[in-house]
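So the sequence lines, in the order shown, correspond to chains H and C. Add 357 to the 1-based position in the first sequence for the numbering used here, that's all there is to it. Add 663 to the 1-based position in the second sequence for the numbering used here, that's all there is to it.
Just so you know, these hints were derived from the structure itself, not from any lab.
A few chain C positions that, by computed beta-carbon distances, are all more than 10 Å from chain H: (1) PRO732; (2) TRP751; (3) LEU794; (4) VAL825; (5) LYS861; (6) PRO903; (7) ASN941; (8) GLY987; (9) ALA1015; (10) GLN1027.
Derived pair list, reagent style DSS-like, types lysine-lysine, alpha-carbon separation capped at 27 Å: (11) C:LYS733 <-> C:LYS861; (12) C:LYS670 <-> H:LYS506; (13) C:LYS678 <-> H:LYS506; (14) C:LYS861 <-> C:LYS1023; (15) C:LYS861 <-> C:LYS838; (16) C:LYS815 <-> C:LYS838; (17) C:LYS678 <-> C:LYS1050; (18) C:LYS896 <-> C:LYS861; (19) C:LYS1050 <-> H:LYS443.
All C-beta atoms in this analysis are idealised placements derived from N, C-alpha and C, irrespective of residue type, glycine included.
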Amino acid sequence: MSTQHTIVEAHPIAIRLRNVTKTFGRGESAVAALRGIDIDIPAGELTMLVGPSGCGKTTLISILAGLLARDGGELRVFGQDLATLKRDRLARWRRDNVGFIFQQFNLVPQLTVAENVSVPLVLQGESVASAVRRANELLETLGLEGRGKSAPLNLSGGQQQRVAIARALIHDPRLLVCDEPTSALDAELGRRVMELIRGRSTSPDRAVVVVTHDDRIFHLADSIAHLDDGRIDQLHRVPRDTPARAAH
Amino acid sequence: MFRFAIKMLFGDSAKFYGILLGLGFASLLIAQQASIFVGLISRTFAFIGEVGHVDLWVFDPTQSYVDEPKPLRTTALDRVRGVTGVEWAAPLYKGLLVATLPDGSRQVCDVLGIDDDTLAGGPVEIVSGSLADLRLPDAVMAEVGSSQQRLKFPAELPPGAVPAPGQKFDPLGPKRAVEIGDIIELNERRARVVGLVKCAETFVPAPTLYTVYSRAITFAPPSRRVMSAVLVKAAPDVTPATLAQRIRDETGLAALTPSEYSERTLGYWLRETGIPINFGIAIALGFFVGVAIAGQMFYNFTLDNLRYFGAFKAMGASTRTLLGMVALQALVAGVLGLGLGLGAVSVFGLNASGGKLAFKMLWQIPLIAAAAVLIICVFASVISMWKVIRLDPADVFKGA
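Could you build the full structure based on these sequences and the hints that come with them?
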């Protein structure tokens, strides 16, 4: 029996999960990754998913980003039931609605920084020249002016993460999904990266979901869902007036 | 995304050059071995092409190829001449005879006896002398300038000199090429070189000597059957095919056009010898080297980029787009590798032309090499595509 967790806020619901389950494998080797997830993630907020390794965090963001099909339950992302979309339409939905920030950055080393950032626009059909120009404009706003033609491997870890953020934001997605965005960064860089991500969550028609183990950034969340053994066992609302939060 | 696919291919220079070298080496091996095979096998019927202005070759029906003459009776010439539609018919002698050089060394020669009256079937290129000089006593014309020309004379012996009885020559002493005026013995009969000719490289590893038919049969061992073939020119009002059928019907002999005779000779060597198999093995080796090296490297290249393909897939790239990227990468690598290999083969061919090495690159050979490279690329890209198709976009969150 799952317990429904609702974040009581004025914001509309961006993502709604009801009794979502997911099992990998079959028979005796079957592993239940999600055992009935119920959560409403409001728009305009930053929600963190935390918990021990193997608790189902990665499976959960994969499902709500449309990368993985759920076995049971209900999922609506900005009103869209992802289960009704066929594979190609689901890919287009991701292309138009989701921005990804991966733990390993996944920047293609053979492409320039600007070309890496431009990939979502090119996937949407924009010309490479136009997409690269827009990528360079966005890189400037992230403090990476003049680095568009650099190779990603020539950048520091923090700069690479900012490039990954630029790639996730360039097509103005409604949902931003981040996997351990600060795990490879020191405290200061991690703080600055989270500022960028958090700035994104304030729009009322947007939502940000961050999977993290990094307790240094917990105070930047609007809410924190703690998962254990495929279930959300705690849903914590972060007070708006914490000293750390106030500092931001 | 296709532009990015190309950049990804060129950007990984170590693997790119590895793929290029693998494909280049495969196409080099395939095209080079195929060209040598064609060059070598073309030599089996090169002599037929050397004999110009002939519409038909008439020979013993049991003869398989041009270098295996089964002698005809002399009456065959008259029987052929009696067939309606024959403008002229000329005898041809072709046989391997042993020549003795002034230093006592012996050399097998391919002796050709052409019609005394018309000199039909004579050499295409005369280097020095005149074809009419073949009518002089003891006259022969000797082949020079080919890889199989081995008529080497003792350098200190002046042209035309005949060694005195008992005169000794050092077989390891200096040698010179055959010249006009040199005397040799053919089956213990005197022969004098009156001209030098160039011949097509043939499959017989012996220098060619031209002489007239009546003299050639005196060089040959005595036999009732000495005529190797009858060369026929068709009258203007009859086609060679029609005339060939008439000759077959009326004489019981085989009658083929030069191209048909070439095909018959070629067929014999392809069917009855191990040459095609040996070259086929080398060509297959080139193909499998290509598969092993280029295929493996391309597969590794795709595997290395799988996490990026996964990221593209997560970001909304369709499987079709990703497969198109992989196919384009394989195509570009294939075209460049093929160009590299064929370029190297062309340089090899230019350097080999005119030498001992048989090399003949027909227009079909680059197409065969291209097809082989295409198969290698399709094979390599299909196994790579399989990984991309099965790629789970959710894997990008697993730190793969």
